[in-house]
Every structure is written in C-alpha cells, then in structure tokens.
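The listed protein sequences derive, respectively, from chains A and B.
Each residue of the first sequence is one higher than the last, beginning at 8 in our numbering.
Each residue of the second sequence is one higher than the last, beginning at 638 in our numbering.
Heads up, a few of these hints could be off.
[As the list claims (entries may be wrong)] Simulated crosslink set (EDC-like; lysine to aspartate or glutamate; CA at most 16 Å straight-line):
id, chain 1, residue 1, chain 2, residue 2
1, B, Lys937, B, Glu1015
2, A, Lys223, A, Asp113
3, A, Lys53, A, Glu177
4, A, Lys128, A, Asp50
5, B, Lys762, B, Glu1015
6, A, Lys206, A, Asp60
7, B, Lys904, A, Glu237
8, B, Lys762, B, Asp793
9, B, Lys685, B, Glu902
10, A, Lys36, A, Glu130
11, A, Lys36, B, Glu727
12, A, Lys51, A, Glu219
13, B, Lys904, A, Glu219
14, A, Lys128, B, Glu1015
15, A, Lys217, B, Glu902
16, A, Lys251, B, Glu979
[To be verified] Not close to chain A: a few residues of chain B, all C-beta gaps over 10 Å, as computed:
id, residue
17, Phe899
18, Ile929
19, Ile1001
I should point out that these hints are in silico values taken from the structure, not numbers from a laboratory.
Backbone N, C-alpha and C define an ideal beta-carbon position, used for all residues, glycine too.
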Amino acid sequence: MDESKRNFIKGGLASLFVASTSANAFSLKNPGRDKKDSRYIGDKTKHYAMVIDLRQCIGCQSCTSACMVENNVPQNQNRTSVTEMELGEFPDVRKAFLPQLCNHCDDPACVPVCPTGATFKREDGIVVVDSEICWGCGYCANACPYDKRFMNKETKVMDKCTFCAHRVDEGLLPACVETCVGGARIFGDLNDKTSEVSKLLSNYPTTVLKSEQGTKPQVFYIGLDGRMEEVLNATANLDDIMRKEIGIKEHEWATMKGEE
Amino acid sequence: MDTLITTLSAITPDRIWGIDIPNYFWFTGSSAAAFIISSFAHVFGMEKYKPIAGFSLLMALVLLIAAPLNLIDDLSQPGRLANFFLYGWENFPTSPMKWGVLLLMAYPILIFFEALVLYRPYFVKKMNFNKGIKRKIYSLLSLGRTQLNSEETAKDHRYGFILGSIGIPLALCVHGYTGYILGAVHGNYLWSTPLMPILFLASAMVSGTGLLIILIPIFQKFFTTQRRVDKSIIAELAKLLAWFIVIDLTIRALWLSFAIPFGNEPKNYLLEFFTMHFNITVYIEYILCLIIPMIIGFSKLRHNLPLVFITGIVVAMGVWLFRWSTVIGGQTIPRSMPGFLEYSPHMIGQGSITAIIANWLFFIALVCLVTSLFPWDEEMEEHYNEKGLNHE
Ligand code: SF4
Ligand code: SF4
Ligand code: SF4
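From just these sequences and the hints, can you work out the full model?
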C-alpha cells in the first residue's frame, strides 16, 4: 500500500470520527475564516493590485527567483514567471517579455467552483488557498483561464501566487516587487488614491489579460502588445523542444512536439 | 498573415485531470443509461424491457459504485475526503462538484432500494426455502415484508414505480452534473457550452446501451438456466441504440456548429484542435463508433447477434474515446502558453493506466458479486416462461 493510500484510510477514518463527535466542525466556510483569523481575512480597508509596466521589464527573471526562494516553490514549478518571446519576422523583430502571475481576479473563476472552500478571496482582494483544507481535486486549476494554479508536488495541495500575503500583512512588499530590477512591478492599494498603483492606473492606459473572460484581473499591464496574447499563433515552447532534444524525461503533460 | 511569435522561454502549464476522469465519466454515464433502460419497464410499463429491467438496474448500481473510486484516485489528498462534507458549503450554488458528490451518494442508495423492492418476491421465496443465517439474510433483504399475496405485490409495484420515478431525474442529474462540471469552465474553449450536460447524457445513453448489449448475451448464455440468448431483446436494444445515436449526433452537430463556424474568438483554437484530431474524430469517433452502429440498429442487421455484440463493444469504446478526447483534449488547448499540450498517462501509481485497469477489475468483481446475490436469472426465466419465449 503506498503512502497516500495509507494516509487516505487513516485520514478518512480519523476525520469521520472527528466529524461525528464535534458538530462545530461543520462549517460553511473554513475554520480560519470562521475564527476571523486575520491571515484569512486580510485588511478590509485595502484592495491590493499590481501594475506591471512592460516598458521597464528587462527579462532578468529576478522576480521569478525571488518568488521561488520566498515561497519555497518546488523546482520546476512557478508561482510567477516571465515569458520571453520574439515578435515578428526577421529583420523586423522585437523582443518581448510577459511577466505573469495570478491576477487576483476581482471575480475569480477559481473561487466559486472550489467544493471545499479552500480557495477564497480575502477582503483585501487577495485570492488564497487554504492548504489545510484543499483536497486536491484540481477543479480550480482547470477553471483558472490563466493557468496560474498548479498542484504543488511537495505539499500535494493547490498552490499559486498569494501576492506574498504573509509579507503584505507585515507591511512589506511582495518579494517579486521588492526585487524587480527594472522597477517594472508596482504593488499597492487601489483604495488609496495617492498610492503609486492608483496613480499609474489613472494616468496610463492599462490592459489586463483576457478581459473577455470576465474575471476582472487585478494585475494591470502598461504597454502590453496584444500579439503576446495570441498564443495560438506562437511556436511551441522552445524549452520543451530543447528538453526533448537533450533527452530529459518527458512530463506527463508536455508541449506537443513538431507544432511549429 | 499573422505575426510570427517565437517563444524562447515559457513554463509548460500544469494540467490536472488525467485518465481517471474520462473513465469516471464513462462509468456514471453508463450507469445513468442502464437505469433509464430499466425504468422503461418499471416506470413506463414497457413490456418488452421487463426481462432485462432487473439486470439493467443491477448494472446501474454496480457501475455507480465503481465510478467514484476514479475520483478518489484522482485527488492529490484523498485522505481529506471528509473536508468535502465539512467545509465549503458557501460554494454549493456555484460548484457542480459539490452537487455531484451528494448525487453520487443518493443515487446508489436509491437504486439499491429499488432493487430490493423489485426482487422481494424472490427473496421471500428463498427465505422460505432456507433456514438459519441464510433465512435471516433473505428476510433482511426483503425488508421484513414477507407476504406474497396480491396486496403486497401491488405494493411492490407502487414502491418500484415511485423509486423509479424519483430515480429518473436523479440518474439524469448524476450524469448531467458531470457535463456541468466541464461546461461551467469558461476558460476552456472546448468545454464551455451549455450543451455539455445534455451532450454527456446523450453519449451516456449510447455507452450504457452498448454495455447492456455486451453483458446481456454473455449472462444469458452462460449464467441462466435456459442458457440461450434472447435475440429479440438484443435487436430491440440495437434499435434503441440507433435512436440514442441519432440524438447524440444531433447534439454534437449543434455543439460543433455553434463552436466553430459561428463561434467567436475560441473558434480558431477549436478549428486547430479538430484539424489536429481530424482522423480519429471523423473516422473513428463518428463513422466507426456512431454512424455504422446506427445503420446496423436501424436495418435488418440488428437481428445478427454476433454483429450487434461487436457493435456494442464498438460504441462503448467510442464513447470512452469521446470522454477522453473531451476531458483530455480540452486540457490540451493552450491558454496562457504557446503550443497544444500532449498527455501520456503513466503506468503505475495514482491516476495511472494500472489504476484504471484495477477499477475495471473491481467493476467486474462487483458484477459477479451482485449478480450472484440478486436472483436476476430467476426473474428473467419467469418472464420468458410466461411469454413462452423459451422455445422460439
Ligand atoms: S488568475 Fe486564476 S487563480 Fe488567480 S484569481 Fe484569477 S482565476 Fe483565480
Ligand atoms: S484543488 Fe483544492 S483549492 Fe482547488 S478546487 Fe479543489 S479543493 Fe479547491
Ligand atoms: S524582476 Fe522585474 S525586470 Fe526582471 S523580469 Fe521580473 S518584472 Fe521584469
């Protein structure tokens, strides 16, 4: 019997026992929110958002690395990443970068589908996952139109960017923002009209990814080239093709080969 | 001409549902269909389905007991099963998965009781023949109603009718909700259509009928006293199958025509998707697994038992393939990263090919167990004797 099966039986019996002995365990939400634990509620007066100024991004990937270190993200999994592309055809080409992370959507697709209430939106707009409650059904990952959730291979629960809620609650900036070399990532409170994000949003035209999905993303881009969203017209991921070339073991899900 | 976009570096997205899920959808779907076929006799009083009504009901039960194991296997934290019941009720209106588990529990209980009511006369007879512990078991199975007079039989009919009538919408929901699960995902271009629940139901009727066409001849031939296959009922099922295929094809045509020629933004993705899978979709899923069986069902060929038996296998596999190409195929469509994805299930462990085979073996074991407990063969024999069909 493998470990997960063993845990399954043990866990199942134990929780049935707990459930039948304590009526309090039956919760509409989840224990953290029922207890009004501030980590689950956030700061009601605030509404956090991020602006990514693509004119400033140099594709250095220090945000990617800072996130991995700060949040203990397993190898080859990412909460945030920066896609690197070339737009156009020689000689008329331009390099483009697209930093991506969970959009902390105002009307998130991932939240309403979660059958355990493990995924929810805090009152300050940050969308988080309760890793104690998530049973790993993956419904939210399929519901997110941005592919910004993943099953953490170490914790075996859903994982994604939290805007570094643990730092924000302490008055710090998210790790990727703190470290951004180009000053391309700007984070702040939209309720505060004097915050830098509010000013940027009122002074510059901004776009969000896939607005047609109706999720109202709270990560706004300045200078987003619409072509970058046309992933259908893009070549397959060179990383994957390379991985195949040098004979690294294939993933269960891999980019289809030969689709140039 | 579109601008060429060359992706130098990106992250291959992590998709989540593997081989367990199409298998699960196949099982619940076939169960719903088997239940509805049994209701033709129990609720709508269609005489010709009487001999197989009980057997179909048992198949519905067994399929639905085996189905959820696929889901548990797909969870990355199966030990937290209880969390489902304890938390997250605020999402009840918006999470089809939340409805689903409740349906998954209510439905087999209902089928089980319906089967008990249906077979009560046989249990009572058995009880009277046996002594000791066996007698106790049969008396338990007859739920303490041990009289065999016409009054009690009328009661049986009434209870059977009531349970069957509640069961029909429940069966439709049990499978329809799986279509909801996919249809509700607006980020997935292949899934996102209100037609999904009804599309799933239609193809479920096809696979469920197919499965009965496979199992009934086997069981009639080898496990009944008359040891002969009732060809007329198989031909009847083949014709029913053909009608179900007509419905299935109609809904698929609506789905694809709205999605591709008349669709907006996603249509390019879907066009690309279907171009890539053209051969399998058209020649195998549609022509081999639907259109040819439909022709067989509507023509005289339906009286050819071996051919119909093979047709049953083909349609059942075709629907499995459809479940696969919808669930897995939908996830291969790019969302945030370039390139379609490709999925190859692993051999052992959770969510693997072995797990699916184990699920099928479990299903077969359950079929053996349930068919040896319930006197479906006596029921069949009685019907055939009454009708004098034993010597056709
Ligand atoms: S980006 Fe995806 S994971 Fe993040 S809040 Fe929006 S829907 Fe949820
Ligand atoms: S994987 Fe976890 S967070 Fe996502 S829907 Fe399932 S229970 Fe909710
Ligand atoms: S750290 Fe800043 S500049 Fe560097 S890749 Fe990330 S967003 Fe771009």
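How the hints compare with the structure:
| no. | hint | verdict |
| --- | --- | --- |
| 1 | Lys937(B) to Glu1015(B) | violated (31 Å) |
| 2 | Lys223(A) to Asp113(A) | holds (5 Å) |
| 3 | Lys53(A) to Glu177(A) | holds (14 Å) |
| 4 | Lys128(A) to Asp50(A) | holds (12 Å) |
| 5 | Lys762(B) to Glu1015(B) | holds (11 Å) |
| 6 | Lys206(A) to Asp60(A) | holds (13 Å) |
| 7 | Lys904(B) to Glu237(A) | holds (13 Å) |
| 8 | Lys762(B) to Asp793(B) | holds (15 Å) |
| 9 | Lys685(B) to Glu902(B) | violated (49 Å) |
| 10 | Lys36(A) to Glu130(A) | holds (14 Å) |
| 11 | Lys36(A) to Glu727(B) | holds (6 Å) |
| 12 | Lys51(A) to Glu219(A) | violated (28 Å) |
| 13 | Lys904(B) to Glu219(A) | holds (14 Å) |
| 14 | Lys128(A) to Glu1015(B) | violated (58 Å) |
| 15 | Lys217(A) to Glu902(B) | holds (11 Å) |
| 16 | Lys251(A) to Glu979(B) | holds (13 Å) |
| 17 | Phe899 | holds (17 Å) |
| 18 | Ile929 | holds (30 Å) |
| 19 | Ile1001 | holds (21 Å) |
Checked against the numbered hints given earlier, this structure breaks hints 1, 9, 12, 14; the rest are met.
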